[in-house]
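Student: Turn these sequences into a full structure, and let the hints guide you.
According to full-length UniProt numbering, the residues represented by the sequence shown are 1 to 217, in order.
Just so you know, not all the hints are guaranteed correct.
Said to hold, decoys possible - Here are the simulated DSBU-like cross-link-like pairs (lysine-lysine), alpha carbons at most 30 Å apart as the crow flies:
| hint | residue 1 | residue 2 |
| --- | --- | --- |
| 1 | 156 | 31 |
| 2 | 101 | 149 |
| 3 | 31 | 142 |
| 4 | 105 | 31 |
| 5 | 149 | 113 |
| 6 | 31 | 149 |
| 7 | 113 | 156 |
| 8 | 113 | 142 |
| 9 | 31 | 101 |
| 10 | 31 | 113 |
Read the hints as simulated data drawn from the structure, not as lab findings.
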Amino acid sequence: MMYDVTGLQVKQYLSWLPIYNITHPVYTFFKVDNPNTNYHYQNSSICDDFVWASFNTFYQLGGSLIGVQSNPDRDEVRLFTDDPPMLVDQNNSTQMNEIAKFYLKMEQIANIKNETLEDMIINILNVFQDTFYIYNDGQYFKMLLDQSKPLDFSYKPSPMPSGPQNPSSIETLSNCYDATNNNNRTSYKIGIAVLSIFIMYIISYFNFIKNLKLKNN
1 MMYDVTGLQV
11 KQYLSWLPIY
21 NITHPVYTFF
31 KVDNPNTNYH
41 YQNSSICDDF
51 VWASFNTFYQ
61 LGGSLIGVQS
71 NPDRDEVRLF
81 TDDPPMLVDQ
91 NNSTQMNEIA
101 KFYLKMEQIA
111 NIKNETLEDM
121 IINILNVFQD
131 TFYIYNDGQY
141 FKMLLDQSKP
151 LDFSYKPSPM
161 PSGPQNPSSI
171 ETLSNCYDAT
181 NNNNRTSYKI
191 GIAVLSIFIM
201 YIISYFNFIK
211 NLKLKNN
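Tutor: Pasting the structure below:
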């Protein structure tokens with residue numbers, strides 16, 4: 001899968017990355033929805049989400065998608081709750097202890113060897129049953145999973161961006177590049193999925209190093 005882009009569009013994409021990093025600072029595995037109203041409580045933030053956001057960014061900036069026969073497959077894990085997730089009081093030591101126990105059990109499940117994603121999800125449901133905690137923007141939320149449909153896992157084709165292109169819809173750090181440079185007109189063919197995943201890992205690595213330094217200080 002390739003995008004045909006100009007040098008300027010590559011620079012704009014690279015200057016969009018820090019903004020995406022700021023607005024998606026935490027790896028969030030689950031989407032959270034209401035199964036009855038389809039009301040959406042939380043988006044996921046995983047590698048697939050970043051890749052599709054990159055697809056959209058290159059497209060909106062004017063890139064041309066080439067060599068695509070069909071829509072690529074994409075992972076999606078959704079949790080379902082009938083009521084809005086409840087904000088946890090982080091000053092309440094009892095509640096915070098429950099959260100600590102929850103994530104310790106979650107870590108144990110994640111460390112089981114030779115386990116498929118579906119096996120891991122089944123184990124999660126068996127261990128936690130109807131009570132689940134999620135983290136969003138510096139806060140923890142408690143929710144009760146829907147009894148009839150607590151979770152849905154899918155791996156299926158997801159649409160690529162289409163329709164009118166709107167470069168102004170992409171927020172970039174304009175001071176990161178020179179829009180008048182002659183190299184801006186050079187055409188490149190970029191394997192966007194590979195590039196996006198590589199950059200995502202680089203960003204995650206530097207965030208890890210930054211957080212490690214903060215903890216050590």
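Student: Given the hinted pair residue 31 and residue 113, is their Cα-Cα distance within 30 Å?
Tutor: 25 Å, holds
Student: Quickly compare the C-alpha distance for residue 113 and residue 142 to 30 Å and report which way the hint goes.
Tutor: Cα-Cα ~28 Å, so holds.
Student: For a C-alpha distance cap of 30 Å, please report whether residue 101 and residue 149 respect it.
Tutor: Distance of about 24 Å is within 30 Å: holds.
Student: Decide if the proposed pair is consistent with the structure: residue 105 and residue 31, CA atoms, cutoff 30 Å inclusive.
Tutor: 20 Å, holds
Student: Is the straight-line distance between the alpha-carbon of residue 113 and that of residue 156 30 Å or less?
Tutor: Given that 30 Å is the threshold and the Cα spacing comes to 25 Å, the pair holds.
Student: Does residue 149 pair with residue 113 here, judged by a C-alpha cut-off of 30 Å?
Tutor: 27 Å, holds
Student: Within a Cα-Cα threshold of 30 Å, do residue 31 and residue 101 meet the stated pairing?
Tutor: This hinted pair holds, its Cα atoms lying about 22 Å apart.
Student: For the pair supplied as a hint, residue 31 and residue 149, confirm whether the alpha-carbon distance does not exceed 30 Å.
Tutor: With a Cα-Cα distance of about 14 Å, the restraint between residue 31 and residue 149 holds, given a limit of 30 Å.
Student: Between residue 156 and residue 31, does the CA-CA distance stay at or below 30 Å?
Tutor: Distance of about 16 Å is within 30 Å: holds.
Student: Does the structure keep residue 31 and residue 142 at a Cα separation of 30 Å or less?
Tutor: 14 Å, holds
When each numbered hint is compared with the structure, no violation occurs for any of them.
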